[in-house]
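Visitor: Here is how the chains run, residue by residue.
Number of protein chains: 4
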Amino acid sequence: MSQKIKLGMVGGGQGAFIGAVHRIASRIDDRFELVAGAFSSNPEKSLASGKELGISEDRNYSDYEEMAEKEFIRGDKIDAVAIVTPNHMHHPISMSFMKKGFNVICDKPLAMNIKECEELVRTQKEEDIIFALTHNYTGYPMIRQARAMCQQGDLGNIRVIQAEYAQDWLTLDLENQPDSGGNKQASWRTDPSQSGSGGCIGDIGTHAYNLLRYITQLQPHQISAELTSFVPGRKLDDNAQISLRLNGGAKATIWSSQIAPGNENHLQIRIYGEKAGLEWCQEDPNYLYFTKYGSPKQKITRGGAGAISAANEVSRIPPGHPEGYLEGFANIYSDVANALIDKKNNEFDINKYHYPTVEDGLEGIRFIERSIASSNSDSSWINF
Amino acid sequence: MSQKIKLGMVGGGQGAFIGAVHRIASRIDDRFELVAGAFSSNPEKSLASGKELGISEDRNYSDYEEMAEKEFIRGDKIDAVAIVTPNHMHHPISMSFMKKGFNVICDKPLAMNIKECEELVRTQKEEDIIFALTHNYTGYPMIRQARAMCQQGDLGNIRVIQAEYAQDWLTLDLENQPDSGGNKQASWRTDPSQSGSGGCIGDIGTHAYNLLRYITQLQPHQISAELTSFVPGRKLDDNAQISLRLNGGAKATIWSSQIAPGNENHLQIRIYGEKAGLEWCQEDPNYLYFTKYGSPKQKITRGGAGAISAANEVSRIPPGHPEGYLEGFANIYSDVANALIDKKNNEFDINKYHYPTVEDGLEGIRFIERSIASSNSDSSWINF
Amino acid sequence: MSQKIKLGMVGGGQGAFIGAVHRIASRIDDRFELVAGAFSSNPEKSLASGKELGISEDRNYSDYEEMAEKEFIRGDKIDAVAIVTPNHMHHPISMSFMKKGFNVICDKPLAMNIKECEELVRTQKEEDIIFALTHNYTGYPMIRQARAMCQQGDLGNIRVIQAEYAQDWLTLDLENQPDSGGNKQASWRTDPSQSGSGGCIGDIGTHAYNLLRYITQLQPHQISAELTSFVPGRKLDDNAQISLRLNGGAKATIWSSQIAPGNENHLQIRIYGEKAGLEWCQEDPNYLYFTKYGSPKQKITRGGAGAISAANEVSRIPPGHPEGYLEGFANIYSDVANALIDKKNNEFDINKYHYPTVEDGLEGIRFIERSIASSNSDSSWINF
Amino acid sequence: MSQKIKLGMVGGGQGAFIGAVHRIASRIDDRFELVAGAFSSNPEKSLASGKELGISEDRNYSDYEEMAEKEFIRGDKIDAVAIVTPNHMHHPISMSFMKKGFNVICDKPLAMNIKECEELVRTQKEEDIIFALTHNYTGYPMIRQARAMCQQGDLGNIRVIQAEYAQDWLTLDLENQPDSGGNKQASWRTDPSQSGSGGCIGDIGTHAYNLLRYITQLQPHQISAELTSFVPGRKLDDNAQISLRLNGGAKATIWSSQIAPGNENHLQIRIYGEKAGLEWCQEDPNYLYFTKYGSPKQKITRGGAGAISAANEVSRIPPGHPEGYLEGFANIYSDVANALIDKKNNEFDINKYHYPTVEDGLEGIRFIERSIASSNSDSSWINF
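Residue numbers (our numbering), protein chains in the order written: chain P, 970 to 1353; chain H, 970 to 1353; chain Y, 970 to 1353; chain Z, 970 to 1353.
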């Protein structure tokens, strides 16, 4: 299996959530092999985690800097590193690995602030790195289809976009209940020193924003935001209402919340143009609802009648056999695999892939910072 | 059938939509009898319409002023008049009838501006009139239940409200296509001289706002709005995005649109509190979704297990036998019937009824005017 | 209002369910006026009910035979009588009124057995009576559309039909719990002397069968049935599984149950042909799902794009404004009104109306009896 | 990664569907490593497929018998073989590998007839083989939950089960259209010499039957069936209607069809007991609807509130992040992995695993054969 891509990982040790997701995603299409890692900031836990994952002893590192250095000098060095730590570590780890020429797959958000992001963007260019940010929801087949339909003009000019990403798991102040189950996740995600200046807007709002941009390919020029912390004592926002004025005249709103009981992972986007409307909901991702003005609503299904090549290319099984979150995530990994192989063969062409880039990451942080800035000036419209 | 309430009607002649709805609503529970009317501003059409409706010749009037006068001097005069004309006539007609002591059932919006509304409020008080505004969506049983559940604390303090009312019938500029079917409705509803200063915000946004206030009993203190006319040449807004800061700290948003393909009459409200969430959608009105934080989502059905007296009192048939828009509308008429009979018996008590009042109408116009004011000042927050 | 149709009613007194439904249905389109009645087999209750309904004293009868006789000799006699008693009285009351030349609207099932039905069919012909049986579900607009689509060949030859009508209210033995709320309904509906030989198959299964025949216009030639009484002590079936072999080669199954927790009034029909499939569910009656083989599923909505004249003619309000059970029921009454007026004008033509006839009633009883016969011979196929 | 289970595969070469599914399923939880295979009955295609899959040359076999023999003598021989060929090869391949002591994962149906099955059952016992049949739908977390809820008595005694598995892809006679896309699948699945005596009843009906047995743990004692071939020229049934009388008195029906336009992979099961009802649909597998008689319907979600350990143990990601078909399939593989490891450690206990066994496979073939027998005797009830 010599042709598999050699993957390293930083973060994602025992008890972590997103690291395990990355690993499954990397395996689904059998194009990656996890061969090295520094799985925790706690060296002991790091090594135990690596052992559990079957990493060979000499590539099971106790910290990421050691890993970057030692991998660098190996003949069979990793082709890419996946960074799945809490947010505040994304920048230093990315920098370490990029400086050694390693390609990067980084969980979102890209970094803690614009300055860090700009450095990453610059470094990615200088070092000619493949840098993929796992805004994974763009990997869903029906999202690929939605983008293609917008691009080919099925909706006409887009007028209105309603995006929302609502959860309920932070309805209570879990971060202050040391014994509760959701605790570890709640602690770092509501802590500015680990999460950055955005709470729910950074954790999930950026996903909605990225999805909006990905599908419509529209860019905002102004933003107005109202961020709120409803839970007493919470340091970051847990509810955000954002309005965007987009180039070309479209208007968008994004509602993001982590305190809305009855919403598990409700990411939804609805797009309305001069000629038609599209509706998609992450919890039922195999369905895309399309209504041409004056015609009945159509339920387009992954793999089914009405599904086009943009969707079918990233679909594995027949219609009615639901693919889910992990398969969507795997599609990002597949895109990266394509890019890595093309690069090796000197056939790299950024326009061929769909993975979110370091620039998308910068854009996401800009979204968070501009939201906070607007919210701090009483939701006034500010330039994006 | 001597005990039926004698109803008159102004507007609602041949080809009208909402007049026919009022008539059906008034018949469903058999408490009203339509005995008089001036059904059109066109005298000929008015008389023809009345004849078709079986109105006796002496009470089939060619204009509303004649009607007010002649009914006033009859021994068997009408108990109430239903006003179902285009918006700009609501005020003068209401004034004429109130001045003669007639009770009024008026379609929304109440009037063209705050000044008109205030005069109506004042007159209603002076003349001790029963004045019901048909924000009909408050008549749905599951809306009554939602209000009761909020009131009895099932949600805890309310934090976030997401209301939306989207349609698609004005996606094209129907008002400029003289031969198209939807034309007559499109013409007056997009014409400021007949509709007032609000377009979709007045036509449907006010319904969403009224519903929000009815269920939560929360009042806004500040508003920010972004109104847009997307269809070239349209004189009034066809898309509105509103944010509200409510007393007690809750935040609400209302999206209203008439250019969103795939939405027929999508009025939806979602309410999230400290303890639970509620979701309701007008197109499937017999279902109320309730999620207590930490428990599975429940589908509470009209008449079914989980339905409480507030809903059951305004429900006619068993669960699974869908009631719809007309039955909800009829519940407003039933409330008015109760009020009229109580008044005759000197048992009138405003707290016993659920029909929207003239004050609710004033509140609706304030919502429109404040939205426009905010939108005109670049969506800045202004006091409500 | 001289042109309204004068309606009498037998049954439907205080506490009854279906009588009130008939009255509302008769009022919705304002074509009937209830002027006479014998509302209960208990004379006292009968008179009290009539008084409450505003029936004038001289037409408020204490028993139906008196009513038939006295109405017969009036100049302003009723145009039709609605019979809404328990099943065992349908035959004698229908006979009494038909013999006097009165038109009949009778609740289903038509009678207690084939013999009674045949006498009714014969009498209807001899007396040239308009006889409508309220298999009300055929009144829904989207059912009208489904029938028209089948008729115009949108599905090609029909192959498979899956019909089901499931409820849960008889999960417990309510008929033996004298104090429980659902009691009165449960008592007579599970009592062979009042209900006939069919339990759930007669109460609701016949509706599914009628719907199947109405939409597809196919007739069975053989039937196999399995009837079960699951609740201990219950005298009639509470669950039925029926298979039909239809003329033309289609196969159908009907599942009917009143002991299926989670089903309120789940009447559903799915029809599959060589070219397309149709799906409809009574609890969400404004939607008809149509899938042309090889195309995405379409959601056709009452009044919306895709709705055809067969549906639009029996629709009152725009798409997205849900019509329900009562409006569907009212469509049967409207059909009857058309027939009655045509008859007066010598323009009666049975092909113009959609109301179920006395022959449909006979067909329904045949369905019950043949089901029981098959079930009693170990579900063997028997001729229909 | 020495501790991974070494997997071989027979079948599943280029262009095959289910082989790829097995491979993904085996990778998701990282417990298997595909190291050997004979991927096609065509030796050339077999080798090409293996090469593409990265199988090392010495374990890339051109036929399965060679594979069984050569693997048998290796020190690092495979731990199990996955058999993913057309149905008629399941028996000979299973026999070959079992005779050499290899554990087997076999796609369903188990074999072509009862006789073959019985030999497999006997051999599995004699050779003490772990034999898993991939009735994969039992791997879904909410199915595990449904079984646990039945087992712990949440429904009381079960009365009625409605199972259905409908597709539409064989609506046309694809098997006779050599150039069409669905062709290869259609050809062998409608060919008795490759598929066996059951058409849709074997292909998908057995899944529904297995699911019913798995969840309720009830066994039928009598069966009545009506099989039909609707498509002209088709050699096997494409629509089946089955009734079952189950031990304990419950009644079940299974509808299976491959000619129902609008159904992609509609596998649904509804179970009704004395106390509650359960509903689950494969196309939306993360939701289980539970209605306790007298309470509102609950939507229990995978990973969410209300999910119990039986479901949570086979769930990878949080609620609202949909898992799908491949993850359900992977759960069967995980069960097998547990069993294989336990066997190595002498801790094997059949009661600990949920994978369907060779006996379940025999039961599935019995279901097919008894269905055909009943259908051939005019759907009469026959003993199971």
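Just to be clear, a hint being listed does not mean it is correct.
Same chains, same label: a pair holds when it works inside one copy or across any pair of copies.
Unchecked claim - No farther apart than 30 angstroms at their CA atoms in a straight line, the calculated lysine-lysine pairs in the DSBU-like style are these:
hint, residue 1, residue 2
1, 973, 1014
2, 1153, 1268
3, 1313, 1069
4, 1020, 1094
5, 1014, 1313
Treat the hints as calculated values from the structure; they're not laboratory data.
Visitor: Does each hint fit the structure? Answer for all of them.
Guide: Taking the hints in turn, this is what the structure says about them:
{"no.": "1", "hint": "973 / 1014", "result": "both (27 angstroms within a copy, 22 angstroms between copies)"}
{"no.": "2", "hint": "1153 / 1268", "result": "between (39 angstroms within a copy, 27 angstroms between copies)"}
{"no.": "3", "hint": "1313 / 1069", "result": "within (17 angstroms within a copy, 44 angstroms between copies)"}
{"no.": "4", "hint": "1020 / 1094", "result": "neither (35 angstroms within a copy, 37 angstroms between copies)"}
{"no.": "5", "hint": "1014 / 1313", "result": "between (34 angstroms within a copy, 29 angstroms between copies)"}
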